[in-house]
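In the order they appear, the protein sequences are chains P and F.
Residue 50 in this note's numbering sits at position 47 of the first sequence, and the numbers go up by one each step.
Residue 62 in this note's numbering sits at position 32 of the second sequence, and the numbers go up by one each step.
Quick caveat, the hints were computed from the structure, so don't treat them as lab data.
Model, not experiment: these values are computed from the prediction.
One should not assume that every hint holds.
[As the list claims (entries may be wrong)] On the chain F side, residues computed to face chain P include the following (Cβ under 7 Å):
{"hint": "1", "residue": "Glu113"}
{"hint": "2", "residue": "Gly115"}
{"hint": "3", "residue": "Ala118"}
{"hint": "4", "residue": "Phe140"}
[What the hints assert, rightly or not] Distance windows between CB atoms, simulated:
{"hint": "5", "chain 1": "P", "residue 1": "Arg72", "chain 2": "F", "residue 2": "Gly70", "range": "44 to 54 Å"}
{"hint": "6", "chain 1": "P", "residue 1": "Thr33", "chain 2": "F", "residue 2": "Arg89", "range": "35 to 45 Å"}
{"hint": "7", "chain 1": "P", "residue 1": "Gln48", "chain 2": "F", "residue 2": "Ser96", "range": "38 to 48 Å"}
{"hint": "8", "chain 1": "P", "residue 1": "Arg72", "chain 2": "F", "residue 2": "Gln47", "range": "40 to 50 Å"}
{"hint": "9", "chain 1": "F", "residue 1": "Arg52", "chain 2": "P", "residue 2": "Ser42", "range": "17 to 27 Å"}
[What the hints assert, rightly or not] Here are a few chain P residues that sit away from chain F, every Cβ distance over 10 Å (derived from the structure):
{"hint": "10", "residue": "Gln45"}
{"hint": "11", "residue": "Ile63"}
{"hint": "12", "residue": "Phe93"}
{"hint": "13", "residue": "Ala109"}
From the three backbone atoms N, C-alpha and C, an ideal C-beta is built for every residue, glycine too.
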Amino acid sequence: AQSVTQPDIHITVSEGASLELRCNYSYGATPYLFWYVQSPGQGLQLLLKYFSGDTLVQGIKGFEAEFKRSQSSFNLRKPSVHWSDAAEYFCAVGAQEYGNKLVFGAGTILRVKS
Amino acid sequence: DTGVSQNPRHKITKRGQNVTFRCDPISEHNRLYWYRQTLGQGPEFLTYFQNEAQLEKSRLLSDRFSAERPKGSFSTLEIQRTEQGDSAMYLCASSSKGLAGGPMKYEQYFGPGTRLTVT
């Protein structure tokens, strides 16, 4: 069955430091990959997506992610974190053969210290 | 573009009562999804509509749950005889069909959610 793993439940970084959030997926074929961000009590906002083509994708708020097929990974990165980036981040996967749903990881809570 | 809206934002109910939530998708989107999110977890798929047709249901959607999208616009999710285990955030998302049903349909835009607490 398809699954998404986000190995880090919590991550704390200093403001201005770089960030990498890990995401690994298990799918039978080429997946469609997404990163969403959720602030407390709010819905999910789409940060970026990968469908095909260039494996390095740019998103909003200065985020980027790289698809690595050989590692089944889609890690999210940001070169310099701002205090307003503190939130929960979810990696999600969709695939044609698994219907129209997205399958989400359990999320990574990002804390930013000043 | 006013985004996906959901009402109510919060609902507290006693066990055994029925509750109904509403979702209004982005106006030009013909696909609508319901997900459930419990504390410390990512959202889990419940069901999906294309226009007014309910095309897919998760095994999570027990007989006490029913969803409708009568005119292909807004949708309602009803939970009958609520149980404490139903306490969760219920999220609605919408997407467009995209070209020939390609990957764009997976680009889902979420509403703020309805937080249900069953006491």
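Say whether it holds or is violated: P/Ala109 keeps its Cβ farther than 10 Å from all Cβ of chain F. violated, 5 Å
Outside-interface status for P/Gln45 - nearest CB in chain F farther than 10 Å: For P/Gln45, whose nearest Cβ neighbour in chain F is about 6 Å away, the distance does not exceed 10 Å, so it is violated.
Using the C-beta atoms of P/Arg72 and F/Gln47, is the stated range 40 to 50 Å upheld? For F/Gln47 against P/Arg72, whose Cβ atoms are near 49 Å apart, the range 40 to 50 Å holds.
With 38 to 48 Å as the target window, see if P/Gln48 and F/Ser96 comply at their CB atoms. About 29 Å separates the Cβ atoms of P/Gln48 and F/Ser96, which means 38 to 48 Å is violated.
Take the shortest C-beta to C-beta distance between F/Glu113 and chain P; is it under 7 Å? violated, 23 Å
Is the hinted range of 17 to 27 Å satisfied by the C-beta distance from F/Arg52 to P/Ser42? Holds, at about 22 Å.
P/Ile63 non-interfacial with respect to chain F [C-beta, more than 10 Å]: Given a closest Cβ separation of 13 Å, the condition holds.
Tell me if F/Ala118 is really an interface residue toward chain P, meaning its C-beta lies closer than 7 Å to one of theirs. For F/Ala118, the interface hint is violated, since the closest Cβ of chain P sits about 13 Å away, which is over 7 Å.
When the nearest CB of chain P is found for F/Phe140, is that gap smaller than 7 Å? With a closest approach of 4 Å, the F/Phe140 hint holds.
Quick one: are P/Arg72 and F/Gly70 within 44 to 54 Å, going by C-beta? violated, 30 Å
Against chain P, is F/Gly115 within 7 Å by beta-carbon distance? violated, 18 Å
Beta-carbon spacing of P/Thr33 to F/Arg89 - inside the hinted bounds 35 to 45 Å or not: Roughly 26 Å apart at Cβ, these two residues miss the hinted range, so it is violated.
When each numbered hint is compared with the structure, violations occur for hints 1, 2, 3, 5, 6, 7, 10, 12, 13.
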